[in-house]
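Colleague: Sequence:
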Amino acid sequence: MDILISSGSTLIIMAAVVGFFMAWGIGANDVANAMGTSVGSKALTIKQAIIIAMIFEFAGAYLAGGEVTSTIRKGIIDASYFVDSPELLVFGMISALFAAATWLLIASILGWPVSTTHSIVGAIIGFAAIGVSPDTVAWGKVMGIVGSWIVTPLISGVIAFAIFNSAQKLIFDTDNPLKQAKRYVPFYMFLAGFVLALVTIKKGLKHIGLDIGAQEGYIYAIIVALIVAIIGKIFISRLQFNEKAAKTTLYANVEKVFAVLMIVTACCMAFAHGSNDVANAIGPLAAVESIISNNGEIAKKAAIAWWILPLGGFGIVAGLALFGHKVIATIGNGITHLTPSRGFAAELAAACTVVIASGTGLPISTTQTLVGAVLGVGMARGIAAINLGVVRNIVISWVITLPVGAGLSILFFWILEASFT
11 MDILISSGST LIIMAAVVGF FMAWGIGAND VANAMGTSVG SKALTIKQAI
61 IIAMIFEFAG AYLAGGEVTS TIRKGIIDAS YFVDSPELLV FGMISALFAA
111 ATWLLIASIL GWPVSTTHSI VGAIIGFAAI GVSPDTVAWG KVMGIVGSWI
161 VTPLISGVIA FAIFNSAQKL IFDTDNPLKQ AKRYVPFYMF LAGFVLALVT
211 IKKGLKHIGL DIGAQEGYIY AIIVALIVAI IGKIFISRLQ FNEKAAKTTL
261 YANVEKVFAV LMIVTACCMA FAHGSNDVAN AIGPLAAVES IISNNGEIAK
311 KAAIAWWILP LGGFGIVAGL ALFGHKVIAT IGNGITHLTP SRGFAAELAA
361 ACTVVIASGT GLPISTTQTL VGAVLGVGMA RGIAAINLGV VRNIVISWVI
411 TLPVGAGLSI LFFWILEASF T
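Going by our numbering, the first residue of the sequence shown is number 11, and it counts up by one from there.
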């Protein structure tokens, strides 16, 4: 307790620095996932994708990132063990942020899309189980996270497979793909509008005091979806293409329609991602600031100091701008060849999975959701369409994320403890 009084300011500055580093890692790795499909399918250039992501991720993180956050992400450790020695929780949260951020930096350099949620969860488990006591960890929750490695990519892969195949049968494999696109794309727009409105309502707006009920949420999502579909219908009906052109030209024109859809889905996914995943950086930071400001008292929920959300938002933007291109390349080009229609199927499937997961309380990783969706699109074209070497590296990186985060966190925890006690 005396340490928190004598070294409180130093510890808050340290936490702010590693919190920014963690947000930087989220930008470099996780945000790149949301944009990878858009870049890989040539719907956006890498420069355009980074600018869009900067605007919408920052808006999501700052506007909907939460006035109040759980001091311990996902409820994976029991705070009651730290009541008599709150400084251990402060050291642990700083160590966890530093460990997760270090792993994200390594993964981003290698171009591996890993889960920022699992990085911080692994790091928190590490310091709590080894540095304090194995009893502090809710092991049941940990098993749920491990289970999500299989469940999440599987759900999004199956949905992406279904969306892609429906587009092939209804539009591309017909005598007049352009006419069919004008008929069916508004339905895809309705589905995209509905799912993305739900993602935003469930993941984003609850943070800014708009706690919309489940029924109201669905009604608002349907209204938004109808508006999107009507605007889309008007926009597509105005497109003038030569319907007697060669089939390859017609296919290219249909892909242009899907490219517009992809830009909309990319913006919404970036906003929802910013509002949700910024908590991986600011949750532990808010916990440190709250414990020190309240003289060692550990609250279940911590009000976020005014400077923490912008710090998280700027960190995400900086990481994406400086380092995002490597993971964007892996998702966009490394796994399978993407076109706008394939990329749209993958992104919409990822958004559907986020909605399903938030409704059922399934622990979810945006990264694994999107990789699973891209794999689903690849599988729809046959196993030969997938680069199995890249997939193997991605799966290995997922499996080692928890133990690597935990190991680094234990090391940093011991260093901090030795330095301040």
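I should point out that these hints are in silico values taken from the structure, not numbers from a laboratory. Worth double-checking, as some hints may not be accurate.
In silico SDA-like cross-links for lysine to any residue, where the CA-CA straight-line distance does not exceed 20 Å [to be verified]:
no., residue 1, residue 2
1, K151, L398
2, K151, K243
3, K243, A262
Computed Cβ-Cβ distance ranges for the label pairs, DEER-style [said to hold, decoys possible]:
no., residue 1, residue 2, range
4, A315, T184, 55 to 61 Å
5, K57, D94, 50 to 56 Å
6, D94, V409, 52 to 58 Å
7, S19, I273, 41 to 47 Å
8, F245, V409, 55 to 61 Å
9, M153, V93, 50 to 56 Å
10, F197, I406, 23 to 29 Å
11, P413, I23, 37 to 43 Å
12, D94, R402, 43 to 49 Å
13, E307, M153, 29 to 35 Å
14, A315, D94, 40 to 46 Å
15, I233, I410, 56 to 62 Å
16, I65, T184, 50 to 56 Å
17, I23, I61, 42 to 48 Å
This one's a predicted model, so the numbers in the text were calculated from it and none came from an experiment. Beta carbons are placed, not taken as given, at the ideal position from N, Cα and C, and that holds for glycine.
Colleague: Please go over all the hints and tell whether each is borne out by the structure.
Modeller: Here is how each hint holds up against the structure:
Proposed proximity of K151 and L398 is contradicted: the alpha carbons are some 31 Å apart, above 20 Å. With a C-alpha separation of about 45 Å, the suggested pairing of K151 with K243 is violated against the 20 Å cut-off. With a C-alpha separation of about 19 Å, the suggested pairing of K243 with A262 holds against the 20 Å cut-off. A hinted range of 55 to 61 Å for the beta carbons of A315 and T184 is consistent with their spacing of about 57 Å.
For K57 and D94, the Cβ-Cβ distance of about 53 Å falls inside the hinted range of 50 to 56 Å, so the restraint holds. Checking the proposed 52 to 58 Å range against D94 and V409 shows it is violated: the Cβ atoms sit about 36 Å from each other. S19 and I273 have their C-beta atoms about 45 Å apart, which keeps the hinted 41 to 47 Å range intact. Checked against the hint of 55 to 61 Å, the C-beta distance between F245 and V409 comes to roughly 44 Å, which is inconsistent with it.
Judged by the Cβ atoms, the range 50 to 56 Å given for M153 and V93 is violated: they are separated by roughly 26 Å. Judged by the Cβ atoms, the range 23 to 29 Å given for F197 and I406 is violated: they are separated by roughly 39 Å. For the hinted restraint 37 to 43 Å between P413 and I23, the CB-CB distance of approximately 30 Å leaves it violated. Hint check: D94 to R402, Cβ distance near 47 Å, so the stated range 43 to 49 Å holds.
Here the CB-CB span from E307 to M153 is close to 31 Å, well matched to the stated 29 to 35 Å. About 25 Å separates the C-beta atoms of A315 and D94, a value inconsistent with the hinted range of 40 to 46 Å. A C-beta distance of roughly 45 Å is found between I233 and I410, which places it outside the suggested range of 56 to 62 Å. Distance hint for I65 and T184: a CB-CB separation of about 37 Å, inconsistent with the stated range 50 to 56 Å.
I23 and I61 have their C-beta atoms about 31 Å apart, which leaves the hinted 42 to 48 Å range violated.
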